[in-house]
Amino acid sequence: MDLAAIITLNGLTLAALYFIVASGFSLIFGLMRVVNMAHGSLYLVAAYVGYAVFEPLYDDDVWYAWYVGLAAGIGFAAVFGAAMQKLLLGWMQGQELRQALVTIGVSIIVADQLLAIYGGNPRQFFAPDAIFGSTQIPGIGGYPTFRLVQIGIAVAVGVGLWLLLNRTKLGMMIRAGVDDREMLGACGVNVPLVGIAVFALGAALAGLGGVIGATAQPLSQGVDGRFLLVSLVVVIVGGMGSIPGTAIGAILIGLAEQIGQAVFPTYSVVLTFVIMVVVLATRPQGVLGRA
Amino acid sequence: MTLRLTRRSALLGAGGILAGGLSAPAIAQRAPIRLGGLATLEGPFATGGQDGFRCIQMELERINSTAGGRRIELIRESSNAQADVALARARKLIEQDNVDMILGPLSGAEGIALRDYSRTLTGKTIVNGSSGASDTTLRNPSPNFFRFSTDGTQWMAGLGNHVYRTMGVREVAIVAGDYAFPYAQVFGFNIEFCRAGGKVTHYWAPLGTTDFGSQIAQINRSDVGALVVVHGGTDGLAFMTQYAQAGGNKPLVAGSIMADQSMLSARGPHRRVMTGMISAGPIADVIDDPMWREFVERYRRRWLNEGGFQSPSIHGVNYTTNLMGILHALNAVDGDLSGNQVAFQRALAAAAFKAPTGAEVKLDHNRQAISDIFVNRIEERDGRAQVVAFARANAINQTLGTPEAQFLALGAPSRDNPGCVPAAS
Amino acid sequence: MHDRVILWSLLGVVLMLLAPWGLLQVLPVNQAQFWTANILGRGIVFGIIAMSLTFLATYGGFISLAQMMIAGVAGYTVAVFVDGAVPRIVGGFGYAVAIPLGLLAATVMGLIVGAISVRTRDIYLLMITLALAMGVFRFIETNIAWFNGYEGIRNVVGPGVFGFDFRNAYVFYYIALATAAALYFGVLYLVRSPFGLVLQGIRDNPRRVAALGYAVGLHRIAAFGVAGFIAGCGGVLATIYNIGISPGSIGLGASVNVLIMSVIGGLGHPLGAFMGSLVFTFFDTFAASIYDRERFNTLIGVVFLAIVLLSPDGLLGAGKRLRRLLGGANAPRP
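Residue numbers (the numbering used here), protein chains in the order written: chain A, 1 to 291; chain B, 1 to 425; chain C, 1 to 334.
There may be inaccurate statements among the hints.
Unchecked claim - Here chain B is said to cover these stretches of chain A; the calculated rule only asks that three of the stretch's residues, wherever they fall, bring their Cβ under 8 Å from a Cβ of chain B:
1) 201-210
2) 253-266
What the hints assert, rightly or not - Cβ-to-Cβ under 10 Å is the rule here; a few derived chain A residues that face chain C:
3) V34
4) W162
5) L164
6) P244
Because the hints were derived from the structure by calculation, they are not lab data.
In this text, a Cβ means the ideal position worked out from N, Cα and C, and glycines have one as well.
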């Protein structure tokens with residue numbers, strides 16, 4: 001019984017990480033109609049850059065090492081994402097396929113350069129002691145605190161995005177842009193600038209996911225592909241461009257992975273894709289997607 | 001010593017020509033020997049491949065790139081640990097670059113692909129780099145493929161007995177990746193442990209699993225006496241970190257690529273639980289052997305400031321051992337590769353020498369190494385965690401001492417055939 | 001226009017027929033053989049797989065990232081059923097049975113991919129086909145019983161053909177070339193048939209085609225089936241060329257590589273697939289000498305990015321533009 005509870009909790013914490021990463025992907029797709037195939041690369045870049053900042057501080061036993069690494073990773077990813085939109089993608093707005101191809105090119109180069117700079121050794125962040133040990137949960141016993149923190153961060157990201165999209169001017173512009181870009185431009189809004197802001201925000205979320213993910217699981221080359229696929233599947237299942245849909249997709253996939261691993265390990269990977277195919281067959285636009 | 005020997009054989013070779021006894025092709029043979037080096041420089045095993053090349057370069061520098069009186073020219077190629085890529089590179093080395101022999105590859109599936117390719121060649125030789133799949137030499141061996149390094153099953157020799165007899169553990173849980181290399185390692189462990197009377201529960205995880213939370217929860221609730229971890233690389237780090245975070249406290253035993261500097265040099269809570277961990281394999285950081293001490297010293301002098309590890313990696317040592325086999329045979333035939341390399345291959349098959357670890361190496365009838373395996377413990381030494389050899393199993397063959405027919409009858413290692421056969425009563 | 005394309009294509013085939021002989025004139029025997037089998041031959045084999053993608057892109061407007069996976073399905077089917085493969089999964093069949101089974105499996109897989117993605121377009125289709133391909137890849141990589149997992153199935157040496165050994169470089173090359181030429185002209189023929197015209201109509205305006213009474217969905221699925229068959233031919237040849245198959249052959253990198261080949265060559269015509277695959281194979285083989293073996297992926301990434309940014313219709317498009325520049329004002333405008 002308590003095993004079932006642990007597996008469920010594991011599924012939810014994994015879902016939290018997936019949600020953080022995929023929400024950025026979904027956001028960029030929602031407004032910009034760009035399938036950012038370099039989303040996994042942003043995750044990886046943020047994690048490596050964050051680690052490069054984190055490591056010397058950690059060596060000096062500075063308590064804020066992790067927070068600085070987190071900020072550095074998020075910041076770098078945001079700048080990288082904004083630069084990508086400004087330099088490569090902005091001027092081919094509307095050519096969705098070409099944009100996807102450009103991001104594929106970027107992801108190939110980034111992955112190879114990261115290997116050249118940081119080598120192939122796995123790395124891992126260590127969160128501050130306050131959130132790193134284990135917490136007693138009634139009925140379950142000791143549970144890694146950081147995994148619970150992951151859920152907290154994911155909820156914060158979800159609420160933050162909701163507030164941003166529904167309660168701020170930027171959010172209004174973004175939502176308007178989803179429905180009608182031209183009209184938004186005609187209203188005097190600097191649409192390209194909104195685009196860069198959205199890209200920076202989406203990339204920052206990938207970066208946040210990168211550092212959080214590299215604290216929960218080791219960081220290594222090749223993780224970019226994994227998180228790109230996770231983002232794809234979560235967003236396809238949940239509904240393209242919908243944040244609540246992304247949350248539902250993340251929870252479905254996270255739980256499926258953990259339950260599958262416990263119940264039928266050999267075929268657990270397939271479960272994820274069965275879910276995807278079933279959703280596509282019944283609701284091609286995803287659980288909460290708009291047709 | 002080797003250098004003088006080399007010079008003398010060079011002189012002998014030259015003398016032979018002066019005496020007029022040799023024909024034209026032999027003169028042409030004084031051209032450099034072309035050695036193709038194939039290791040993995042892309043993908044998950046890139047660090048291992050880099051270290052392989054470091055060690056090859058160091059060994060060639062030591063002998064002044066000369067063996068059997070001929071210069072050795074190294075042509076490097078790299079793969080990404082995928083069989084078809086390794087095959088494409090090997091074809092390029094043999095057919096385009098016209099190398100005489102290949103030293104490589106690094107990983108299991110690549111090794112089997114190159115073994116199959118070597119069968120289609122005449123007058124060319126492939127000597128393993130660091131790949132450790134048993135079947136490469138055990139089943140359907142190729143006459144042109146030689147392996148002076150030991151395989152994944154051999155690497156576990158001595159561990160099962162140590163756990164049962166010395167640690168007194170009667171029941172273990174094994175966590176392992178769900179693919180061929182861990183199968184071979186688990187097989188090697190179980191053969192000894194189950195024969196001694198031990199009981200085993202297996203937890204398999206698909207390759208690339210990063211979240212072991214549910215398995216760890218099950219293990220921590222069971223009352224096994226020890227946990228055997230046969231993961232490696234990123235999966236291994238993930239497992240260990242999560243095990244430490246979940247407050248795991250069972251005695252730890254590990255496969256050969258778990259107790260590795262790439263794991264120990266990564267920081268984190270896993271280092272706390274890994275201190276005291278027992279493992280087995282073809283190398284350790286600390287081996288009480290003058291040859292090994294000299295090798296490590298030389299490695300550190302050469303590479304520590306150029307991105308090398310504190311101590312040579314398992315892949316670096318395997319590449320060196322296999323290169324030493326080549327050099328040994330080249331010296332024995334005075335660099336003569338004529339006659340479709342028949343004499344050279346015979347010399348390879350007969351080579352007997354000491355690996356950098358001080359282990360004796362010779363080949364069996366399948367051209368597979370029979371060599372020594374170390375049983376190790378992780379200890380804090382000089383302020384860092386090191387893998388220290390405390391026991392040594394001598395002359396371990398590919399069937400771990402079981403008669404070959406009987407061993408083959410057990411079938412190939414797999415998740416359904418993990419080698420746990422109790423001794424016949 | 002169409003006749004000129006056929007004429008040029010025939011000329012290309014003749015050139016490729018003579019290429020091994022030409023190589024022998026300028027290179028030592030072993031290197032000529034290497035170029036024949038491992039640059040031209042391998043290029044052609046991957047060109048076939050890339051052409052299945054280009055076919056869908058050119059005439060249907062679908063960019064499918066599942067084509068390498070579909071090719072792999074054919075390769076795995078052959079490896080599972082054919083005698084002599086190691087390990088033996090089913091075995092017991094000769095190549096004469098195993099290869100048609102492989103092509104059938106690939107066609108069926110193509111139809112399945114088409115059916116699953118039938119209601120999506122453009123980038124949605126790209127995402128879904130990629131996700132499907134990775135799903136199959138992960139399944140094969142983790143399944144031991146049927147696909148021998150990560151290690152794959154080895155020793156698929158290929159059949160003897162009229163007494164010739166498939167492992168001979170020239171036998172392999174000419175079989176690959178004949179297959180590629182047959183499929184290429186088959187595609188050119190097919191797109192002029194009623195089926196091909198409807199397909200192109202769907203690409204340009206699906207609603208109008210539906211209004212004319214054609215079953216849009218069925219035509220789309222059929223197009224994926226055709227592409228699946230083409231990819232399957234490439235997959236069987238690639239598996240025999242590689243003496244076996246392992247999951248790495250159909251992973252993310254391999255799938256993206258096929259897309260790279262198609263885009264480098266140009267998505268405007270099936271010919272682009274072969275141009276792209278030959279350029280890619282050349283770079284892949286000689287990156288060590290041109291640039292730096294270890295940084296091959298940066299090189300190919302930069303080339304790819306440059307082509308997408310500067311000449312989105314690939315080498316074919318670049319050639320056309322060049323001709324227009326040279327030909328001046330009287331050249332026809334697109």
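Hints, one by one, checked against the model:
1. Interface restraint, the segment 201-210 of chain A with chain B: violated (0 residues with C-beta to C-beta distance below 8 Å; minimum three).
2. Only residues whose C-beta sits within less than 8 Å of a C-beta in chain B count toward coverage, and the segment 253-266 of chain A has 6 of them, enough to reach three; the restraint holds.
3. Proximity of V34(A) to chain C holds as hinted, the smallest CB-CB distance being about 8 Å (cut-off 10 Å).
4. The restraint placing W162(A) at the interface with chain C is violated, with a minimum CB-CB distance near 25 Å, outside the 10 Å limit.
5. Residue-level restraint check for L164(A) is violated (minimum Cβ-Cβ distance to chain C is 25 Å; threshold 10 Å).
6. Here the hint on P244(A) is broken, as its CB sits about 19 Å from the closest CB of chain C, past 10 Å.
Of the hints listed earlier, those the structure fails to meet are numbers 1, 4, 5, 6, in rising order.
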